[in-house]
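Number of protein chains: 4
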Amino acid sequence: MDGPNPDFDRAVRAAVLTMPAARHLGFDITLLEPGLAEITQPHREELTQHDGFLQGGVLGSLADFAAGSAAATLLPVGWVTMTIDFTVKILAPARGSVVARGRVVKPGRTTTVAAADVVAVDGADEAFCATALVTLRNLKVG
Amino acid sequence: MDGPNPDFDRAVRAAVLTMPAARHLGFDITLLEPGLAEITQPHREELTQHDGFLQGGVLGSLADFAAGSAAATLLPVGWVTMTIDFTVKILAPARGSVVARGRVVKPGRTTTVAAADVVAVDGADEAFCATALVTLRNLKVG
Amino acid sequence: MDGPNPDFDRAVRAAVLTMPAARHLGFDITLLEPGLAEITQPHREELTQHDGFLQGGVLGSLADFAAGSAAATLLPVGWVTMTIDFTVKILAPARGSVVARGRVVKPGRTTTVAAADVVAVDGADEAFCATALVTLRNLKVG
Amino acid sequence: MDGPNPDFDRAVRAAVLTMPAARHLGFDITLLEPGLAEITQPHREELTQHDGFLQGGVLGSLADFAAGSAAATLLPVGWVTMTIDFTVKILAPARGSVVARGRVVKPGRTTTVAAADVVAVDGADEAFCATALVTLRNLKVG
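Residue numbers (the working numbering), protein chains in the order written: chain U, 60 to 201; chain H, 60 to 201; chain F, 60 to 201; chain C, 60 to 201.
Hint data in this document are derived by calculation from the structure and do not stem from the laboratory. This structure is a prediction, so every number in the text was calculated from the model and none was measured. Everything hinted at is true.
Which copy? The list can't say, so a pair holds if one copy fits it or any two copies do.
Each computed SDA-like pair below joins lysine to any residue, with the alpha-carbon atoms no more than 25 angstroms apart:
no.: 1; residue 1: Lys-165; residue 2: Met-141
no.: 2; residue 1: Lys-165; residue 2: Pro-135
no.: 3; residue 1: Lys-165; residue 2: Ala-183
no.: 4; residue 1: Lys-199; residue 2: Met-60
no.: 5; residue 1: Lys-165; residue 2: Asp-61
no.: 6; residue 1: Lys-199; residue 2: Phe-187
no.: 7; residue 1: Lys-165; residue 2: Arg-196
no.: 8; residue 1: Lys-199; residue 2: Arg-168
no.: 9; residue 1: Lys-199; residue 2: Glu-97
Given only the sequences and the hints, what does the whole structure look like? Please build it.
Written as structure tokens, this is what we have:
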């Protein structure tokens with residue numbers, strides 16, 4: 060996959076990481092390639108439910124951000140994505156820091172379908188904790 | 060619908076509102092009846108994307124909390140719900156404070172299916188901005 | 060809700076009931092109003108899994124047809140809907156004839172979001188057996 | 060992945076292919092490995108919408124059957140799967156014969172999460188036309 064914006068890395072970081080809701084979670088974008096994105100969320104106690112596990116809605120938000128960032132890598136300059144639908148399956152409790160990996164499943168002119176997997180990371184071990192499918196609308200804003 | 064715990068109001072509030080992730084969003088539970096829950100999220104700039112609209116993952120989290128709270132009203136003492144799946148359709152941009160209304164679609168012994176609608180509230184006007192279906196596992200913890 | 064095609068009843072029946080896949084299931088459209096559709100599927104042994112219960116994919120197809128028919132009632136002349144996403148929750152085994160009731164959740168110019176509930180009918184009794192959310196693209200074909 | 064039933068191939072074929080709803084579609088199981096299943100649906104005019112494309116509900120049913128068959132490969136003797144939730148994204152129109160490939164995402168004692176991709180096959184070419192996530196309950200029947 061290859062998108063029309065060679066400067067996608069800068070564009071996606073600028074669009075995502077300046078969002079107040081992204082800063083409120085506190086993740087970083089740790090990989091961007093055409094059609095792919097990885098975000099890393101350090102452990103923060105304020106994102107947990109009880110007993111230190113990440114709350115399900117937080118896992119869903121991270122999956123949505125990873126899928127949306129992956130989708131955005133393939134867009135022309137001045138376009139953004141807007142989620143219209145996301146489905147998240149919680150597979151296991153997530154403790155500690157997590158990584159959400161998004162990938163474009165099907166690019167399109169007006170709509171993009173993407174997926175994301177979320178893993179909890181403990182040293183070299185990864186525990187698979189959520190998977191998601193996301194449909195996004197591509198919007199010209201610039 | 061009627062659950063086996065006459066003290067469900069206190070139990071659900073205690074389980075939900077003490078969660079760090081719930082306090083991080085900052086909503087309140089504004090209605091609880093058997094099979095129903097309403098949560099009210101005041102406007103907070105840190106939950107928005109750009110231009111003041113609530114970020115999609117936040118809408119999903121609120122829908123999930125409302126659906127889970129509704130499901131929890133029907134559980135026996137010492138049981139909690141855990142989301143295993145949620146699907147959210149974003150219907151319109153949401154600005155200002157929002158209300159998420161959860162309702163049990165199908166109660167069950169081991170699994171509950173619930174739904175939630177999210178509206179943005181501006182005085183007496185409500186704008187329908189998201190709808191969700193949620194599957195939850197019922198877990199005995201007490 | 061009110062659509063721009065006063066002749067929607069004839070248009071939706073013509074679009075849906077002439078589909079080979081609709082005839083293969085063998086349902087009828089038993090109600091159409093702006094934003095609403097009901098389809099009735101008589102019991103047929105060839106749609107069951109084992110023990111006479113309707114197979115889950117069949118319940119999903121009926122929900123999709125009901126949601127799509129409801130969406131189509133609000134379209135202009137010469138437009139059709141095309142499902143881009145559907146989520147189905149199977150709530151209980153369905154035996155005998157079933158009725159799928161679709162309703163538009165959010166109409167739109169390019170996209171419609173609809174829902175459907177499926178009940179198994181036994182005389183005056185109805186058993187709620189599936190619920191679905193469906194996103195459809197509105198397409199001009201005429 | 061490896062399941063507790065060494066005779067899974069025979070068991071899954073017997074459970075799936077004897078279903079009236081499976082015979083009504085007319086597909087065959089063309090691969091079964093632990094955690095994986097592939098079903099092949101030859102073109103049949105009665106499964107199409109208009110213009111010869113497969114109807115969306117049919118794509119959903121094939122994805123559900125593929126995911127369920129993959130899940131069933133990991134079950135003990137005398138257990139079956141029952142779909143409780145499926146989400147299907149239709150990615151492109153499907154013409155001709157299609158192959159649905161299911162894989163287990165997360166096995167579990169009481170619940171399995173699986174995924175499926177559906178491709179339309181034209182000689183050596185494959186066109187990706189649908190992707191699905193499916194949650195299944197594992198049930199002891201034998």
